[in-house]
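Single-letter residue listing:
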Amino acid sequence: EDQVTQSPEALRLQEGESSSLNCSYTVSGLRGLFWYRQDPGKGPEFLFTLYSAGEEKEKERLKATLTKKESFLHITAPKPEDSATYLCAVQAVGGYQKVTFGTGTKLQVIP
Amino acid sequence: DAEITQSPRHKITETGRQVTLACHQTWNHNNMFWYRQDLGHGLRLIHYSYGVHDTNKGEVSDGYSVSRSNTEDLPLTLESAASSQTSVYFCASSEGQVRGNYEQYFGPGTRLTVT
Chain A
2 EDQVTQSPEA
12 LRLQEGESSS
22 LNCSYTVSGL
32 RGLFWYRQDP
42 GKGPEFLFTL
52 YSAGEEKEKE
62 RLKATLTKKE
72 SFLHITAPKP
82 EDSATYLCAV
92 QAVGGYQKVT
102 FGTGTKLQVI
112 P
Chain S
41 DAEITQSPRH
51 KITETGRQVT
61 LACHQTWNHN
71 NMFWYRQDLG
81 HGLRLIHYSY
91 GVHDTNKGEV
101 SDGYSVSRSN
111 TEDLPLTLES
121 AASSQTSVYF
131 CASSEGQVRG
141 NYEQYFGPGT
151 RLTVT
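Protein sequences, first through last, are from chains A and S.
Under this note's numbering, think of the first position of the first sequence as 2, with each following residue one higher.
Under this note's numbering, think of the first position of the second sequence as 41, with each following residue one higher.
Simulated from the structure, these hints should not be mistaken for laboratory data.
A portion of the hints provided could be inaccurate.
Quick list of the computed label-pair ranges, beta carbon to beta carbon [what the hints assert, rightly or not]: (1) Glu2(A) with Pro115(S): 35 to 41 angstroms; (2) Lys43(A) with Gly80(S): 16 to 22 angstroms; (3) Gly103(S) with Gln109(A): 31 to 37 angstroms; (4) Thr95(S) with Ile111(A): 29 to 35 angstroms; (5) Ser21(A) with Thr60(S): 30 to 36 angstroms; (6) Pro81(A) with Ser120(S): 41 to 47 angstroms; (7) Ser21(A) with His81(S): 21 to 27 angstroms; (8) Thr53(S) with Lys69(A): 29 to 35 angstroms; (9) Ala122(S) with Ile111(A): 25 to 31 angstroms; (10) Glu16(A) with Ser107(S): 44 to 50 angstroms; (11) Glu59(A) with Asn68(S): 25 to 31 angstroms; (12) Thr53(S) with Gln109(A): 48 to 54 angstroms; (13) Pro112(A) with Thr53(S): 37 to 43 angstroms.
Just some of the chain S residues that point at chain A, by a computed CB distance under 8 angstroms [claimed, not checked]: (14) Trp67; (15) Leu85; (16) Tyr104; (17) Gly149.
Glycine is no exception: its CB is placed at the ideal position from the N, C-alpha and C atoms.
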């Protein structure tokens, strides 16, 4: 059974204080690992897909990296508007399109 | 711009009533999904569809049904609503194998309360 564990559950940062969110996963053959951002009262918003160990993707202050067992979402010099819940999800190789989601890290960036 | 819409955004219903939540996407994606999101559980898959007339059960499908009569719509029906089905429901779609893009795009959600 595919599993995704995210840590920490919540993170509070001062504006400009860089940090990383962790996503540990077990999957029977990784097709892709996804990062999403979710604002309160809204649906998840797609950020990145990572396919293989060593791959990195960047978008503004966010950078996602992938190893064989975990992924990190690095946030550099965060701003209050980066406050959200960040979700990680994995999809296994096979005939299915479905993904397994973690429970997320709730990030709060304080001005 | 392509999008996914869900309706209603908020719904209050009574135990035992049948409820249908609508999902409409203009991405022209073959794959569509229904999730529920509850505190402490994250997003859990209810049903999914790979195309017209195709439906499959997810991990929490009991008490729910879907039907796919066209590419754009995947309505979710609660046959007899129960208080345990109070949740936020999200619809999503993905391109999948057509171009190898597997990321899912989500609707804004429907908050359902069963009293």
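Hint numbers the structure violates, sorted upward? 1, 4, 5, 8, 9, 12, 14, 16
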